[in-house]
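Trainee: What follows is each chain in one-letter form.
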Amino acid sequence: MYFAGPVPLQERGWMSDTANRQSQALLSVRSLSVEFGTGSGAFKAVKEVSFDVQPGKTLAVVGESGSGKSVTSLAIMRLTDYTGGRITNGQVLFRPDGGEAIDLVKASDNKLREIRGNDIAMIFQEPMTSLNPVFTIGNQISETLILHQGLTGRDARLRAKELLQKVRLPDADKLLDRYPHQLSGGMRQRVMIAMALACNPKLLIADEPTTALDVTIQAQILNIIRDLQQEMGTAVIFITHDMGVVAEMADDVVVMWKGEKVEQAPVRDIFSAPQHPYTRALLSAVPRLGSLTGQPLPKRTPVMVMDGGVAKPVGGTHEQNTADYTKPILEVEKLTTRFDVGKTFFGRVTHRVHAVEEVSFDIYPGETLALVGESGSGKSTIGRTLQQLVEPTGGTVRFDGRDMAAMSHGDRRRLRQEIQYIFQDPFASLDPRHTVGYSIAEPIIVHGLINDRKARERRVHELLEQVGLQPQHAKRYPHEFSGGQRQRICIARALASNPKLVIADESVSALDVSIQAQIVNLLMELQEKRRLSYLFITHDMAVVEKISHRVAVMYLGQIVELGSRQAIFENPQHSYTRKLLSAVPIADPQRERAKMRIEGEIPSPVRPVGQEPAIHRMREVEPGHWVAIETDQLRGAA
Amino acid sequence: MAAAQALSSARRHFRSLELVLGLLLAGGMGLAVLFSGFLFPDGGESMDLMARLIPPFESLAHPLGTDPLGRDVLARVIVGGKISLTVGIFSVLGAMTLGTLIGLIAGYYRGFTEVLLMRFADIQLALPFILVAIMFLAILGTGIDKVIFFMIVAQWVQYARLVRGSVLALREREFILSARAIGVGNVRIIFTHVLPNVLGPIVILMTLQVANNILLESSLTFLGLGVDPLIPSWGGMLADGRTYLQTAWWVSVFPGLAIMFTVLGLNLLGDWLRDLLDPTGQTSR
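Line order of the protein sequences matches chains A and B.
For the first sequence, this note's numbering assigns the number 0 to the initial residue and increments by one for each residue that follows.
For the second sequence, this note's numbering assigns the number 4 to the initial residue and increments by one for each residue that follows.
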């Protein structure tokens, strides 16, 4: 228990003594319905949803994209009025002082303005876009204080500084005069929290506040929200799709599916005894760190998929024994990639991004090597360099024994047939103006693999079926598909030229968990059928554990630890690997909550010209398990 | 699903309305102009000083009235469309082709090519238009082909800048990167992935420029730099009728209406084309 000492489970139960609790609830949502559009085109985003938020407690609203969870949170503040939505039914009863309830659905605009930002505050997902870029941090925090609390400019500034200190931002004084673009994502999100808490709100609505952040930064932000909540007695509605975050943060959980509330229970009950089939399906899809402990090979496991109103298991358990360690298909040796940034007026380079520094690794046929790291670690740059989208600064890359640098132009082009790339965002990586069939056929056309039109069409249909879609989908355009379907299309496209190596760059990170689990299974199934090698680039440790044979952990452009999956997860040696593993939220509320305290930002890989980073030396701690020897500099940073 | 289908069919209906109206206006005008020689063998030139400034809708022989020289306004409007439409449409098509190509190359390849092309465009934009026109047409001589050529040379810059801007945003998009990752060559990327995605704004600019160039032709003619001033054109008629606006409005209003309906028709066709090119239908809102 992390708030006010141990509380007996019964007391926290929703089902017990409902009538009594309802009267004390800070916020009661009663059969709330929200619609978008009008007439026959109307779309019901939220259908008859009811729940209560108790003072000082955290209610997590969980659901996948399209479940209506964000719309519900916007409707509470009546912000749906500004996004084209209409509240068609229901009440939102808010009791700021425990006394008279105000129905926010019927409240006047003046009353709402008074409540917004003062009694109820909100944090959004994108800290990049929710701060105004032309005002300083100090101005933006003061604005709320002057508006709602009638403070003078000077007092507001003092209070703003206090608030920044509260969210543990170092150097609060200087930060007040900074602009949003000068801050990192994690710092901006802390500023957002500071702004939200400026007026001591009774209720804080946090809409996916950590989704856009790195795991170590996420862990810090979650800690701050938890600590401040305890300190100020604020109730929190936490909207998220991440069951790990739910387990770490929530007292009670509302599960939403297709605009309806399907289940509501205390957090422990949700995880230990989920009632609704959708909740069960959702939980079965969540990758759990440590679920493959003691097993040398990655494994396919069945996924629960909703079919009508019931959850059905799809796929079987299958060990991924596909790797062949006789001769590597790809050998990377001391690969270095740098980008010039910052030039003087005369065009002399002053700063460089040291994206990748002397990285070496091999990939074997049928093997999945995971490249893990946070933003700025250079993991994506490695993938892009291998795909020839970025020119390397130094080092050698051998594919099938041939040195890439020594290849002719034609050979290098052919290499793009043998190495394929799957991007993170399936919405952005398909040309909206071409049919899906054309997009899949394109690699076949440009490499001249099949010249007969009919045969090419047959091949496209075959590929669509292999990734679990229908042949008739070929005639449709990308916008007609869901995110998961689009990622299947991207996979079909990558497979069209019969590659030997597929680079998957955060390819499942943008997907809902249930879709993610299916795509991971699909990738593993295709690996077995076609003996594919994967370079799996991701920040998500739980997915890595499920899919990879070997893991390379990257930090600031260098590999700090490289070894078999089992070695990395069960015997992590480098302090950064351990930090990364401990930062992952675990989907298990029974676990000890406050773990290792993580502090500090991820350092920038931009360096002035002439200041080369120190290259780590690696030592082999057990066969095949390499760890960077930690210098003081790195230990201090990590 | 049903709602979405209803919506999309409603939209398609509206689109076809745009197409029908656009074809009716611009296509009707085009056909009339095409057959103007057959309809009005005199070319709208025959004067009748006894029938000067007859108001419209009063005489069957001159349904839209006559001008100060007793020439039939209807005949002159239809015949005048020859010059105006030829100049308006061909100058725009030419400038669009040249400008789009240059914009695509500059935006896609960046580097030295871009600097060279765009600085050249900047220099051209900085020169006063009329001055250049006088110099240019004084050297080349006058005539409809020279006017069109001059307009292409003067106006490609706008298309180049517009296209380059769109391409700069587009080339960072993931689907372009993903095409490159698959091994698609540069030329193919430019024409199958970049060009279709920048066509929307180009089509809009084109429809606006048609009207602009019809009027521009009359300015050039007025300065003695354009077409033979005796041949009727919409712009020229507008300018001539201006002095009689208070006494005989029909002399300038009918050529004005001709321009308006043609441009409206082209705009509708442009919108229809833009939506046709965009399968997501996102730009229509």
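One or more of the hints may lead you astray.
[As the list claims (entries may be wrong)] So, partial list: chain A residues that the calculated Cβ filter (under 10 Å) puts toward chain B:
| no. | residue |
| --- | --- |
| 1 | GLN386 |
| 2 | THR392 |
| 3 | ARG413 |
| 4 | LEU414 |
| 5 | PRO442 |
| 6 | HIS446 |
| 7 | GLU479 |
[Stated by the list, open to error] Simulated restraints, written as ranges between beta carbons of each label pair:
| no. | chain 1 | residue 1 | chain 2 | residue 2 | range |
| --- | --- | --- | --- | --- | --- |
| 8 | A | ASP410 | B | THR100 | 33 to 39 Å |
| 9 | B | VAL190 | A | VAL605 | 32 to 38 Å |
| 10 | B | SER19 | A | SER129 | 40 to 46 Å |
| 11 | B | VAL118 | A | ASN109 | 53 to 59 Å |
| 12 | B | VAL190 | A | ARG452 | 50 to 56 Å |
| 13 | A | VAL605 | B | GLN127 | 35 to 41 Å |
| 14 | B | THR100 | A | TYR324 | 40 to 46 Å |
| 15 | B | LEU24 | A | ARG413 | 51 to 57 Å |
| 16 | B | THR100 | A | ARG452 | 54 to 60 Å |
| 17 | B | VAL156 | A | GLY65 | 40 to 46 Å |
| 18 | A | ARG530 | B | GLY188 | 26 to 32 Å |
| 19 | A | GLY65 | B | SER19 | 51 to 57 Å |
| 20 | A | ILE614 | B | GLY188 | 17 to 23 Å |
Hints listed in this document are in silico derivations from the structure and should not be mistaken for laboratory results.
Every residue gets a Cβ at the ideal spot worked out from N, C-alpha and C, and that includes glycine.
Trainee: A separate judgement is required for each hint: does it hold in the structure or not?
Mentor: So, going through the hints one by one against the coordinates:
Of the supplied interface hints, the one on A/GLN386 holds, with its beta-carbon coming within about 5 Å of a beta-carbon of chain B, less than 10 Å. Given the 10 Å rule on beta carbons, the hint for A/THR392 is violated: about 19 Å separates it from the nearest Cβ of chain B. Nearest Cβ of chain B to the Cβ of A/ARG413: about 8 Å, under the 10 Å cut. The hint holds. Checking A/LEU414 against chain B by beta carbon gives a least distance of about 8 Å; that is within 10 Å, so the hint holds.
About 4 Å separates the beta-carbon of A/PRO442 from the nearest beta-carbon of chain B, less than 10 Å, and the hint is met. With a cut of 10 Å, the hint placing A/HIS446 at the interface with chain B holds, because the nearest CB-to-CB distance is about 6 Å. Because the closest C-beta pair between A/GLU479 and chain B is about 9 Å apart, less than 10 Å, the hint holds. The beta-carbon spacing between A/ASP410 and B/THR100, approximately 36 Å, falls within the hinted interval of 33 to 39 Å.
Separation of B/VAL190 from A/VAL605 is about 35 Å and conforms to the stated range, judged on CB atoms against 32 to 38 Å. Here the CB-CB span from B/SER19 to A/SER129 is close to 42 Å, well matched to the stated 40 to 46 Å. Remark: the range hint 53 to 59 Å for B/VAL118 to A/ASN109 is upheld by a beta-carbon distance near 56 Å. Look at B/VAL190 against A/ARG452: about 22 Å separates their beta carbons, and that is not inside 50 to 56 Å.
Separation of A/VAL605 from B/GLN127 is about 39 Å and conforms to the stated range, judged on CB atoms against 35 to 41 Å. B/THR100 and A/TYR324 have their C-beta atoms about 57 Å apart, which leaves the hinted 40 to 46 Å range violated. Checked against the hint of 51 to 57 Å, the C-beta distance between B/LEU24 and A/ARG413 comes to roughly 52 Å, which is consistent with it. Checked against the given bound of 54 to 60 Å, the beta carbons of B/THR100 and A/ARG452, roughly 30 Å apart, lie outside it.
A hinted range of 40 to 46 Å is violated for the C-beta pair B/VAL156 and A/GLY65, which are about 53 Å apart. Roughly 29 Å separates the CB atoms of A/ARG530 and B/GLY188, a value that falls within the hinted 26 to 32 Å. The given range of 51 to 57 Å is broken by A/GLY65 and B/SER19, whose C-beta atoms sit roughly 32 Å from each other. At roughly 37 Å, the beta carbons of A/ILE614 and B/GLY188 sit outside the given window of 17 to 23 Å.
Violated hints for the displayed structure, listed by number in ascending order: 2, 12, 14, 16, 17, 19 and 20.
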